[in-house]
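Use the sequences and the hints to build the structure in full.
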Amino acid sequence: MAPKIGKGKGKTGKGSKGADESSIARYVKVWSTWTMKRAKVVAHYGFIPLIILIGMNSDPKPHFSQLLSPV
Amino acid sequence: MGSSISYAAAPPPPPPPANLSQHPVGLGVLLPSKTEEKIEKKVDWRNLPCPLPFEEIQREALMSLKPELFEGLRFDFTKGLNQKFSLSHSVFMGSMEVPSQSSDTIKVPTSHYEFGANFLDPKLMLVGRVLTDGRLNARVKCDLTDNLTLKVNAQLTNEPHFSQGMFNFDYKGSDFRTQFQIGNNAFYGANYIQSVAPNLSLGSEVFWLGHQRKSGIGFAARYNTEKMVATGQVASTGVVALSYVQKVSEKVSLASDFMYNQTTRDVTASFGYDYILRQCRLRGKIDSNGVVSSFLEERLNMGVNFILSAEVDHRKKDYKFGFGMTVGE
Numbered sequence: 001m002a003p004k005i006g007k008g009k010g011k012t013g014k015g016s017k018g019a020d021e022s023s024i025a026r027y028v029k030v031w032s033t034w035t036m037k038r039a040k041v042v043a044h045y046g047f048i049p050l051i052i053l054i055g056m057n058s059d060p061k062p063h064f065s066q067l068l069s070p071v
Numbered sequence: 001m002g003s004s005i006s007y008a009a010a011p012p013p014p015p016p017p018a019n020l021s022q023h024p025v026g027l028g029v030l031l032p033s034k035t036e037e038k039i040e041k042k043v044d045w046r047n048l049p050c051p052l053p054f055e056e057i058q059r060e061a062l063m064s065l066k067p068e069l070f071e072g073l074r075f076d077f078t079k080g081l082n083q084k085f086s087l088s089h090s091v092f093m094g095s096m097e098v099p100s101q102s103s104d105t106i107k108v109p110t111s112h113y114e115f116g117a118n119f120l121d122p123k124l125m126l127v128g129r130v131l132t133d134g135r136l137n138a139r140v141k142c143d144l145t146d147n148l149t150l151k152v153n154a155q156l157t158n159e160p161h162f163s164q165g166m167f168n169f170d171y172k173g174s175d176f177r178t179q180f181q182i183g184n185n186a187f188y189g190a191n192y193i194q195s196v197a198p199n200l201s202l203g204s205e206v207f208w209l210g211h212q213r214k215s216g217i218g219f220a221a222r223y224n225t226e227k228m229v230a231t232g233q234v235a236s237t238g239v240v241a242l243s244y245v246q247k248v249s250e251k252v253s254l255a256s257d258f259m260y261n262q263t264t265r266d267v268t269a270s271f272g273y274d275y276i277l278r279q280c281r282l283r284g285k286i287d288s289n290g291v292v293s294s295f296l297e298e299r300l301n302m303g304v305n306f307i308l309s310a311e312v313d314h315r316k317k318d319y320k321f322g323f324g325m326t327v328g329e
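If you're matching them up, the sequences are chains A and B in order.
For the first sequence, full-length UniProt numbering gives the first residue as 1, with consecutive numbering after it.
For the second sequence, full-length UniProt numbering gives the first residue as 1, with consecutive numbering after it.
FYI, nobody ran anything at the bench for these hints, they're computed from the structure.
Be careful, since some hints might not be right.
[To be verified] Far from chain A by the CB rule (all over 12 Å, computed), these chain B residues:
hint, residue
1, Asn82
2, Val152
3, Leu202
4, Ile307
[What the hints assert, rightly or not] Just the calculated beta-carbon pair ranges, DEER-fashion:
hint, chain 1, residue 1, chain 2, residue 2, range
5, B, Thr110, A, Asp20, 48 to 56 Å
6, B, Tyr171, A, Val71, 42 to 50 Å
7, A, Ile54, B, Ile286, 40 to 48 Å
8, A, Pro60, B, Val196, 43 to 51 Å
9, A, Trp31, B, Gly303, 23 to 31 Å
[To be verified] Sample of chain A residues lacking proximity to chain B, with all beta carbon distances greater than 10 Å (derived):
hint, residue
10, Glu21
11, Lys40
12, Ile52
Small disclaimer: the values here were computed from a predicted structure and weren't measured.
We treat Cβ as the ideally placed atom computed from N, Cα and C, and that holds for glycine.
Now the structure itself:
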């Protein structure tokens, strides 16, 4: 009786651990896809402004009007 | 005199440093200097030069044989705000070829304006180009340490699932280079190139495509002297590519290229020339597919370049002519 109950408990324990592992893997996959989508949007809109920001702050500092004028 | 004779009479096994300085003086008197030139330069097998990166192994052939041919009008304006920072405006009006299943070429008239920003630092390079339809081309090159470089290359679009990106990690050793690539669609690749002689370098690459479960391996070799470069590449995808470039003089290079694709049974050979003159650069090429092309960049003034491009495909009866101007460095 006791060993059977132990076996049963062991089985359910393993089953719940398996479900946890697959749900953790699923959770990581969903979270990483969400991050990549957000990162892609950020990169798409923010890359050129980032270059302009870094460039305007480099030495010698160019003037803001030089950004827009053609000369 | 006396000291050198007594030294020669009793040669010590490890010469003390004070007497060692007398040796070259004595030999310089005995041997004439001309024989030093006849003595061949010994190969220092421990100090081989660093090879070119694996993807640039055919660099000379690609530069001479594959200029950016276009059809229509092209105007590029680059404005430098700084030594390191510059903005670029580019207008293109013409036809772009759309790949089609049949042998007919389908041309679609397109026009776009492209705005770009470049930041060039010895340690960090950022290049971004955005088009009117929202497509972004981004290139980042960052030196993390002296030998390790991170390169990112991305094309981002507004349409979902059409964006592409690739991360490259490059490590440069004293006589080898290695690179590891991660791309979208679960693409993983690695390549390694090693100098085995002062003029010869050998390399290999492997890649794995996750979504299509395809993998491949390839080998490459490059032999170059001051006057010529010969490269060969073989891949398990069934592609063999050979190239040979001969530098005839400072201003003239001749190049030839051979490509064989076993899966599509495609064979292409091309011969081309590259004239780099004071005021212009002229590149011409003839192909085994019956394509004759030419590309001229003429320097009209300081910073003003005039560009002419022509590609005549006799087999498909496709004629492409383009002209343009580039202002700025």
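- Per the stated criterion, does the least C-beta distance between Ile52/A and chain B lie above 10 Å, as a non-interface residue requires? At roughly 6 Å from the nearest Cβ of chain B, Ile52/A sits no farther out than 10 Å, so the non-interface label is violated.
- Query: Closest CB-CB distance from Leu202/B to chain A, is it above 12 Å?
  - Reply: holds (37 Å)
- Message: So Lys40/A supposedly isn't at the interface. Is its beta-carbon more than 10 Å from every beta-carbon in chain B?
- Response: Violated, because the least Cβ-Cβ distance between Lys40/A and chain B comes to about 6 Å, which does not exceed 10 Å.
- Task: Just double-check Val152/B for me: nearest Cβ-Cβ distance to chain A has to come out over 12 Å.
- Result: violated (9 Å)
- Please test the hint of 40 to 48 Å on the beta carbon pair from Ile54/A and Ile286/B. holds (45 Å)
- Item | Beta-carbon spacing of Pro60/A to Val196/B - inside the hinted bounds 43 to 51 Å or not | The hinted range 43 to 51 Å holds for Pro60/A and Val196/B, with Cβ atoms some 47 Å apart.
- Message: Is 23 to 31 Å respected by the C-beta to C-beta distance linking Trp31/A and Gly303/B?
- Response: violated (50 Å)
- Query: Taking 12 Å as the cut and beta carbons as the points, is Asn82/B off the interface with chain A?
  - Reply: Its Cβ does come within 12 Å of chain A, the nearest being 5 Å, so this is violated.
- Query: Measuring from beta carbon to beta carbon, are Tyr171/B and Val71/A in 42 to 50 Å?
  - Reply: The hinted range 42 to 50 Å holds for Tyr171/B and Val71/A, with Cβ atoms some 44 Å apart.
- Query: Does the claim that Ile307/B lies off the interface hold, with its Cβ farther than 12 Å from every Cβ of chain A?
  - Reply: holds (21 Å)
- Interface-negative label, Glu21/A against chain B, beta-carbon threshold 10 Å: At roughly 22 Å from the nearest Cβ of chain B, Glu21/A sits farther out than 10 Å, so the non-interface label holds.
- Cβ-Cβ distance between Thr110/B and Asp20/A: within 48 to 56 Å? holds (53 Å)
The structure does not agree with the numbered hints 1, 2, 9, 11 and 12 stated previously, though it agrees with the rest.
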